[in-house]
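Whole structure, please, built from the sequences with the hints as guidance.
Next come the chains, spelled out residue by residue.
There are 2 protein chains.
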Amino acid sequence: MSVICVEDPGDSRLVDYTGLTDVELRRRREPAEGLFMAEGEKVIRRALEAGYPMRSMLLSERWLETMAEVIEGTDVPVYVGSPEVVERVTGYQVHRGALASMGRKVLPAVGDLVAGARRVAVLEGVNDHTNVGAIFRGAAALGMDAVLLSPDCADPLYRRSVKVSMGAVFSVPYARLDPWPGGLDVLRGAGLTLLALTPGEGSVALNELPSADTDRCALMLGAEGPGLTAKALAAADRLVRIPMSHGVDSLNVGAAAAVAFYAVAFG
Amino acid sequence: MSVICVEDPGDSRLVDYTGLTDVELRRRREPAEGLFMAEGEKVIRRALEAGYPMRSMLLSERWLETMAEVIEGTDVPVYVGSPEVVERVTGYQVHRGALASMGRKVLPAVGDLVAGARRVAVLEGVNDHTNVGAIFRGAAALGMDAVLLSPDCADPLYRRSVKVSMGAVFSVPYARLDPWPGGLDVLRGAGLTLLALTPGEGSVALNELPSADTDRCALMLGAEGPGLTAKALAAADRLVRIPMSHGVDSLNVGAAAAVAFYAVAFG
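Chains Z and E, in that order, give the protein sequences.
Heads up: the first sequence begins at 0 in numbering that gives the first Met the number 0, then just goes up one per residue.
Heads up: the second sequence begins at 0 in numbering that gives the first Met the number 0, then just goes up one per residue.
For the record, the hints were derived by calculation from the structure and aren't laboratory data.
This list has only true hints and no planted wrong ones.
Note that identical chains are pooled: a pair holds if it fits in a single copy or bridges any two copies.
Capping the alpha-carbon separation at 20 Å, the derived lysine to any residue pairs in SDA-like fashion look like this:
| id | residue 1 | residue 2 |
| --- | --- | --- |
| 1 | Lys162 | Ser249 |
| 2 | Lys104 | Arg28 |
| 3 | Lys162 | Thr129 |
| 4 | Lys104 | Arg44 |
Now the structure itself:
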């Protein structure tokens, strides 16, 4: 272990941690630089257990003790500063006291992910980190084997996604589908039935689907509001819907995803 | 209609609208004074359509036009001020520009609510406004006939609950169950089977319940974290659970409620 006290918020060794409140900046920077932020002891531990390599940590002084075990187990630099210094670097009060800059892993190939899968989720254009996190949490709880993301989906490893997912982004394997929606052919080739969730006309209620359609399936979900695009709908084998009462607003996408995951697995 | 310009944030006629950011204060005041806040044109309209009486409105100047139709239809005072005055009264920037102080209605008797009901939700100790709102949204979408609340549940008419519910708190009838859990006897007396959602031992997976148990049922849900209390579990006819993968965090209560509502209705 190597604990290094920092007093200068401009210290160039802290560059991984700058401007954390600037979502647009971090959205570009983190994938480009191959890193993501793990915040708080639990999340850092889960990221390490999932095999993500740590680049460094940044702690407020009084969190040294809580983080002792993690610190002892690593050789990367552990930067320690006053709460004020940490706040000036990151741009916010780090309530959980500990940040780790983690390296990304190469995403698995789509073909490998879906080869033995029974049920996978496919997200199109879900560009809200909270919704991505909520969907991963539901996917983990309800036994989806993988999540596949269109190129314009938000990053599952962004700080907010990780938090809302309760760490499920580390346990549910995922990959990007590119080209979109052409990449869906790999899923169909693996024997998965493509089910597109949409309230529109011509859709079959999930509780009325024949089991042949749900035995091995890919459940496609769009963003809250716009839903799946016309080209995604056209690429599906079957349009499906959650049977809902008339005249009321639909479920939010996290709840809708959980209901649909339940329906294809157990319904 | 009577439009009144206000310039003094201390104007005593604006007392309904003071301290809106103080959740603890408003949590006490609103039920005690028989009022609640509707925010934004859509919510105000939905509250009126649901038969809640308006006491007054408070608008930023530039919202007069948007609200013209609502204003023309009412005789109550419509206070209009600059954005700065409105912010000084309420304590925050009212982005939706329009607030209405609405009167509460007497809640229906539990016996009347459940008499013809097929499926109702029962909440115990759900004291988070966001979660209450999310559960109402799911209840509306998935056709629950009513929601019954233990005495310590958060107020469905609190501003945050209304917003998250997308107005479903106005369309799904609800009442308080008091005493708790003794009041559950009324539900059983009406022929409803009491199903307690709990991940604990002895629970039956929702997808394995006989249809006799779900034909007419009351689905009991506890708060995220603690779940249902021992006395609530003891009062139930059957313990049920969402079949979930091992070793992962559970769903959040909004998603869990939606899955359970789906399961008893369609699963």
